Amino acid sequence: MAEPLTDDPLVLAGVKFSSRLIMGTGGTTSLDVLGRALAASGTELTTVAIRRVDPGARGSVLDVLAAQGIRVLPNTAGCFTAAEAVRTARLAAEALGTKWVKLEVIADEITLLPDPVELLDAAEQLVALGFTVLPYTNDDPVLAKRLEQAGCAAVMPLGSPIGSGLGIRNPHNIQLMVQAVSVPVILDAGIGTASDASLAMELGCSAVLLATAVTRARDPELMAAAMRSAVIAGRLAYRAGRIPRRHYATPSSPPVDS
Amino acid sequence: MQIVINGNPHEVPDATSLDRAVALISESVTGIAVAVNGDVVSRMAWPRVRLAQGDQIEVLTAVQGG
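Chains as they are written, first to last, in the numbering used here: chain A, 4 to 261; chain B, 77 to 142.
Quick caveat, the hints were computed from the structure, so don't treat them as lab data.
Here the structure is a predicted model, which is why all the values come from computation and not from measurement.
One or more of the hints may lead you astray.
Unchecked claim - Every beta carbon over 12 Å from chain B, so not counted as near; a handful from chain A, in silico: (1) 20; (2) 21; (3) 49; (4) 68; (5) 95; (6) 116; (7) 131; (8) 151; (9) 182; (10) 225.
As the list claims (entries may be wrong) - Among the chain A residues that face chain B by a calculated CB cut under 7 Å, a handful are: (11) 28; (12) 33; (13) 36; (14) 42; (15) 50; (16) 51; (17) 52; (18) 56; (19) 58; (20) 59; (21) 65; (22) 98; (23) 102.
Claimed, not checked - Computed list of chain B residues with no C-beta within reach of chain A, every gap over 10 Å: (24) 78; (25) 86; (26) 88; (27) 90; (28) 93; (29) 114; (30) 119; (31) 123; (32) 126; (33) 136; (34) 138.
Think of the CB as a built atom: it goes at the ideal place given N, C-alpha and C, for glycine as much as any other residue.
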């Protein structure tokens, strides 16, 4: 049998990825742990944040990514307004030489939920500036449509708040989003463990983006390997088509001879 | 004159160029981006930009996150 995933790449803005797991780099205790977790995850695309240069910093996350040939996706984490997010995306483009951006515009620090009004505004501005925009969004099918119409290359709904590990609180909305847009839907926050990642893929998401679930696990490298398998399993199950749920049993063996 | 780089005051000669100011806190010129008073300045323009008293300079790079 041919390897079932080789003919099934994730395509973002015309770029093909054989892994459907996107791993963020936040939360590990060291660059060494991060490097081993990234390798175990099999990811080909990973997020970084843009912050002030620390003259005392030893090593750079960029060196870890370059050593493994992983494409870098800067985020706009920490931005509360469209103006801040656009400026951060432009700084990221200048620093990293990429016009891809994970667009985050958050409303407050307690929930880290996206501010939908500022998000759409920022997305429109960045698309006009030629950016490939991957917005972190609420699990709102209507907003997903608006982001797609604005020219975003994907929509990335949360399953639950960032870093909460609460999994996918509203699977029905995620399914509605998958049906509502033709760009990839990437489940982008709240994953706690492998079954959450599988569920996202079973619901029809094109990929899963996670960080905390791996980087703050007791063994990040082992959890990265679990997530890699979970995403593959969920994708295969989605493509295979699950059986309908029934209220009563359906025998899987023939009736007893009489 | 005094300028502010990443929130910290620095005493520099009048009309110091932006590339010299950046070199005060970053050995590398790749993988970083610079804003002066909130405006992004591309790397090629750094030598041409003359700073003034009180200018606020941000020197940024990629860190773990997201």
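Outcome of the hint check:
no. : hint : result
1   : 20   : holds, 17 Å
2   : 21   : holds, 21 Å
3   : 49   : violated, 8 Å
4   : 68   : violated, 9 Å
5   : 95   : violated, 7 Å
6   : 116  : holds, 16 Å
7   : 131  : holds, 16 Å
8   : 151  : holds, 22 Å
9   : 182  : holds, 27 Å
10  : 225  : holds, 20 Å
11  : 28   : holds, 4 Å
12  : 33   : violated, 10 Å
13  : 36   : violated, 11 Å
14  : 42   : violated, 16 Å
15  : 50   : holds, 3 Å
16  : 51   : holds, 4 Å
17  : 52   : holds, 3 Å
18  : 56   : holds, 5 Å
19  : 58   : holds, 5 Å
20  : 59   : violated, 10 Å
21  : 65   : holds, 5 Å
22  : 98   : holds, 4 Å
23  : 102  : violated, 13 Å
24  : 78   : holds, 19 Å
25  : 86   : holds, 12 Å
26  : 88   : holds, 16 Å
27  : 90   : holds, 24 Å
28  : 93   : holds, 18 Å
29  : 114  : violated, 7 Å
30  : 119  : violated, 7 Å
31  : 123  : holds, 16 Å
32  : 126  : holds, 20 Å
33  : 136  : violated, 5 Å
34  : 138  : violated, 4 Å
Hint compliance for this structure: hints 3, 4, 5, 12, 13, 14, 20, 23, 29, 30, 33 and 34 are broken, all remaining hints hold.
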